[in-house]
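J.: Line by line, the protein sequences give chains X and H.
Quick note, the first sequence lines up with residues 1 to 449 if you use the UniProt record's numbering.
Quick note, the second sequence lines up with residues 1 to 514 if you use the UniProt record's numbering.
To be clear, the hints were calculated from the coordinates, so they are not data collected in a lab.
Among these hints, one or two may not hold up.
[Unchecked claim] Ranges of calculated distance between the beta carbons of each label pair, as one might list FRET restraints:
#1 X:Lys392 <-> H:Gln344: 18 to 28 Å
#2 X:Thr311 <-> H:Arg497: 22 to 32 Å
#3 H:Tyr307 <-> X:Lys392: 27 to 37 Å
#4 X:Ala82 <-> H:Arg497: 44 to 54 Å
[What the hints assert, rightly or not] Distance condition first, Cα-Cα at most 25 Å in a straight line; then the derived DSS-like pairs of lysine-lysine:
#5 X:Lys314 <-> H:Lys511
#6 H:Lys222 <-> X:Lys416
#7 X:Lys396 <-> X:Lys419
#8 H:Lys511 <-> X:Lys392
#9 H:Lys341 <-> X:Lys61
#10 H:Lys341 <-> X:Lys56
#11 X:Lys24 <-> H:Lys224
#12 X:Lys220 <-> X:Lys249
#13 X:Lys415 <-> H:Lys137
#14 H:Lys142 <-> X:Lys61
#15 X:Lys56 <-> H:Lys511
#16 X:Lys166 <-> H:Lys2
#17 X:Lys56 <-> X:Lys138
#18 X:Lys416 <-> H:Lys224
#19 H:Lys2 <-> X:Lys415
#20 X:Lys185 <-> X:Lys203
#21 H:Lys341 <-> X:Lys416
#22 X:Lys166 <-> H:Lys341
#23 X:Lys166 <-> X:Lys81
#24 X:Lys415 <-> H:Lys224
#25 H:Lys222 <-> H:Lys2
#26 H:Lys262 <-> X:Lys443
#27 H:Lys341 <-> X:Lys24
We put the beta carbon where it would ideally sit given N, CA and C, even for glycine.
Next come the chains, spelled out residue by residue.
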Amino acid sequence: MSENNIVILGNGISGVTCARHIRKNDPNIPITIVSAETRHFFSRTALMYIYMGHMKYEHTKPYADDFWEKNDIKLLFGWVKAIDFSTQELNFEDGEVLGYKQLVLATGSKPNMFGWPGQDLNGVQGLYSYQDLLNMEKNTQDIQHAVLVGGGLIGVEMAEMLASRKIPVTFLVREKGFWDNILPKEEAALVGRHIREHHIDLKLDTELKEIIGDEKGQVKAVKTSNGEIINCQFVGLTAGVSPNIALFKNSDLNTNRGILVDDQFRTNLPNVYAIGDCAEFKKPPGKDRKNIEQVWYTGRMHGETLAHNLTREKKVGYTPGIWFNSAKFFDIEYQTYGHVPPSWENPIRTFYWEGESGKVALRFLFDQEDRILGMNAFGWRMRHEFFDRAIKEGWKADRVIGQLDKANFNPEFHKKFYKQLLDKYNGENSTSIPLPRRSFIQKLMGSRS
Amino acid sequence: MKLLQNLGLVLFIIGLLVFTGIPFSGSYQLDRKMVLDHTKEMHQDAMVEVLEPMYENTYASNFSFIKDFNDLFNAYNEGLKEEQAWDKVIWDDYAFPLTKAASNGPVEDAPLLFLALSIGLAVMGGLLYAIPLYRNKPAGIKHDGIYFSSMKARGWLGIITGTYLIVFYIILYWYPEYLTNLVIMVDPLSILLSGGPASQWFLYGLIYTLAILVMGVRMFRKYKGNNYQTIRTASVMFFQLAFAFLIPEILVLFNMPWHDFKNIWPLDYSFFYEYRIEGMVSSGALGMFMLIWGIILIVIGVPAFTYFYGKRWYCSWVCGCGGLAETVGDPYRQLSDKSLKAWQVERYLVHGVLVLAVVMTAVTITNYFMEFGLLEQATNQFHSLYGFAIGSAFAGVIGTGFYPFMGNRVWCRFGCPLAAYLGLVQRFKSRFRITTNGGQCISCGNCSTYCEMGIDVRWYAQRGQNIVRSSCVGCGVCSAVCPRGVLKLENGQEAGRINDMPIIIGNESIKVKS
């Protein structure tokens, strides 16, 4: 064991970002990243594209294989079976032992299984890890029908994956609208329509009752809450994910749903930290933020922040800025900035515009003083910096709406919707915000407005 | 629809087979008059005598005809060389015109029929295949199954296609006499446009243009809903058809030099060659315009347009090589090498070719002003070396033949001296950049995978950095395939074009000066 070495368990975005930033701040500390999933860091969000044939596994690696050696970051490919926090050692399945001075737990998530009857049958799986992808490849060979359960982002990804292989999909969603525990009604309807446009049999307000297997232990059908039996050879369980902390149960590490941490990602044990999906904040890191943050971007921020604390004298607490997230539902891109809950009450007011195609929509929320709280964008790319600033500074509604041309991030020559949106806004609010004009020279230069 | 598309594929393959078979058809018979008609006066006596033994024979194939011709012709030249009679050695290439003249057979009798059965069927088949693509599907880029495709992921179909293209280019550049039947087939079209018979270059230009047009239609289908791609594709289709194909032929009809007004030195490496300059200078006002326009493009056009729009204004909107790469080559864009090593090789090679082109042109011009004194020999050697190695082997054989192996921009990336020149301007003095949208990148890799120039776009995007690279041709596909709306091609102020974000937007924990 060396004088000061940092061991990071998990090579997802959180662990890898942490390692990179530690190395940036300190050229000498020995860093080891341990993983049993893949030898190198890959982008989890890109797994779907491998299945769809858009990319191969190697394309999903954000850094070339020689990056790690160049940056003196050691990669250890192996399965940790136990951690002895008292001797500060990781015990590997193959008998190897690795000591650490400081340990960063970044073990990510695992798909939720709610104890459905038949959830362990062959052909039933979630999609989170690289191994899940390999299983899905195997489980969907020559099948006639697939059923997905749970209306979240992974569900819609799996639907798109299966559709790309021309496998008919039935999609069971417990809620009345697609992802409507996150999306307001109109947006949920928009996404639902688009999913159906891709010939996915979307069944809202329908729950999974039972997965039925054949004598060989292979899935052959599902039974829904309506009593309907749907024949299928594959079931994707996509009802969310939860922290992957099986390794720490029955250890001295304090856990709840995730590994409990303070705002500096410190666990109850000395020299042990947790970041990313597997960490659960004892106190939410900010207003409108959750105790467990399970998106790519927050994983990255956790990594950045902990790396700072592990290498700098002056420690900082994790202080996320304005919330943002993005996703893609088949062909429709979604971005969100600030806080947009699925429903709200007076005095919060909203402005919603949807294009005629039913595939483009913007939603804004304003507080009682008319300051912007957040926005959702569908099929219309928006500039992150613009809304980060507008929301942070609490811009008034008219100012935000009047400057949307500056926020527009659609490709050049993209169809313009601004005038339609302004007409609706001016009509609803009795305002007369003009369409910003650009001179001929500005247009000719293609200058960013 | 599927039926129509399959029919299209069948027609295309039949057309391609007929095209490939045509050179092997017909018989060949040479006579004295043909030799007189197709040789320079100074060579007529010698050639008529040398080829005497061929007049009696009817050759069943071009192989036996060309073999006999070469045997006789080379024996004559070798003899002269042994005698050191250098001034009598014939350096001109008579194999092509004499094979063409000697050809008899079905193609010569009915050229238009064969044109319809070969190129005509291929074009029709291509359109039948392309037009119904993605019909009744929502707009959005469909890259489904590309890496399972034999054609697009270096499978056996890709290897066959690449090999076919490489062989075609080798024959076209160095053994055109084997293609004479195909050239005869397009003679009527050439006469219609330029008033004269076709050369192998007319044949090539015709196929090239049609390929861009048909595959351009495929682009419209594939990228429907993305106006940048649609307009850009329409632009390269227009410039190829009008500027590279029709206008030059029509100029010839009016006794002007063949001239492509959108081609720019040093891609157009022969622009300052003596015969080109003489041709322009002796062609009146229009000729002078060609010369002045060409120079204006080099010294003002390239830097000014590139300053405002980046090199994309040329490379992916106007250029013929770019036009082929962006249409015919689009299915292969993901095969470009993204490694750091490839980037290093690219920089040495492309700038090396630029230096070579500049030096060669400098020698040419010096030679011109020295009135063909000291440098005559050096100039000629330089020209033939550059023409062989860069103009033919690199740009043609490797540039296009390697599409299915190394992606569609091999020439543009590693070899094009004009791209190098445009790239220098783009890198150091331009308003163009690809903006990265704050912290929205998820490192998925679609942008890098589909970058035809082999730029590791993700490397920048995941750091929140804008992409400013000399090689970027601004095709816009990285932006189009990004699932999270992270990339946007923009022209804007130079300030902040190159940025650095040590801590990406959205995390306020750490204050750093950027």
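J.: Against each hint, give a clear statement of whether it holds in the structure.
T.: Hints versus structure:
For X:Lys392 and H:Gln344, the Cβ-Cβ distance of about 42 Å falls outside the hinted range of 18 to 28 Å, so the restraint is violated. A hinted range of 22 to 32 Å for the beta carbons of X:Thr311 and H:Arg497 is consistent with their spacing of about 31 Å. Between H:Tyr307 and X:Lys392 the C-beta distance comes to about 35 Å, which sits within the given range of 27 to 37 Å. For X:Ala82 and H:Arg497, the hinted distance range of 44 to 54 Å is satisfied, since their beta carbons lie about 52 Å from each other.
Our distance criterion of 25 Å between C-alpha atoms is met by X:Lys314 and H:Lys511, whose separation comes to about 12 Å. Under the criterion of a C-alpha separation no larger than 25 Å, the hint pairing H:Lys222 with X:Lys416 is consistent with the structure, at around 21 Å. Note on X:Lys396 and X:Lys419: the hinted pairing holds, with a Cα-Cα distance of about 20 Å set against a maximum of 25 Å. Taken as a hint, the H:Lys511 and X:Lys392 pair is honoured in the structure, with Cα atoms around 16 Å apart against an allowance of 25 Å.
With a C-alpha separation of about 17 Å, the suggested pairing of H:Lys341 with X:Lys61 holds against the 25 Å cut-off. Distance check on the hinted pair: H:Lys341 and X:Lys56 sit about 20 Å apart at the alpha-carbon level, within 25 Å; holds. For the hint linking X:Lys24 to H:Lys224, the alpha-carbon distance of about 43 Å lies beyond 25 Å, and the restraint is violated. For a cut-off of 25 Å, the pair hint linking X:Lys220 to X:Lys249 is broken: about 34 Å separates their Cα positions.
Pair hint X:Lys415 plus H:Lys137 holds up; C-alpha atoms about 19 Å apart against a cutoff of 25 Å. Pair hint H:Lys142 plus X:Lys61 holds up; C-alpha atoms about 22 Å apart against a cutoff of 25 Å. Annotation: proposed proximity of X:Lys56 to H:Lys511 is violated, straight-line Cα distance about 38 Å (limit 25 Å). Our distance criterion of 25 Å between C-alpha atoms is met by X:Lys166 and H:Lys2, whose separation comes to about 15 Å.
At most 25 Å may separate the alpha-carbon atoms for a hinted pair to count; X:Lys56 and X:Lys138 meet this at roughly 16 Å. In summary, the hint linking X:Lys416 to H:Lys224 is supported, as the alpha carbons are separated by about 16 Å, within the 25 Å threshold. Using a Cα cut-off of 25 Å, the hinted pair H:Lys2 and X:Lys415 is violated, with the two alpha carbons roughly 31 Å apart. With a C-alpha separation of about 16 Å, the suggested pair X:Lys185 and X:Lys203 falls inside the 25 Å cut-off, and the hint holds.
Taking the CA atoms of H:Lys341 and X:Lys416, the gap is near 42 Å; set against the 25 Å cutoff, the hint is violated. A C-alpha spacing of about 39 Å is found between X:Lys166 and H:Lys341, which places the hinted pair above 25 Å, so the restraint is violated. The straight-line distance between the Cα atoms of X:Lys166 and X:Lys81 is roughly 40 Å, outside the 25 Å bound, and the hint therefore fails. Our distance criterion of 25 Å between C-alpha atoms is met by X:Lys415 and H:Lys224, whose separation comes to about 12 Å.
Taking the CA atoms of H:Lys222 and H:Lys2, the gap is near 16 Å; set against the 25 Å cutoff, the hint holds. Pair hint H:Lys262 plus X:Lys443 holds up; C-alpha atoms about 24 Å apart against a cutoff of 25 Å. As the CA atoms of H:Lys341 and X:Lys24 are separated by approximately 23 Å, the hinted pair is consistent with the 25 Å bound.
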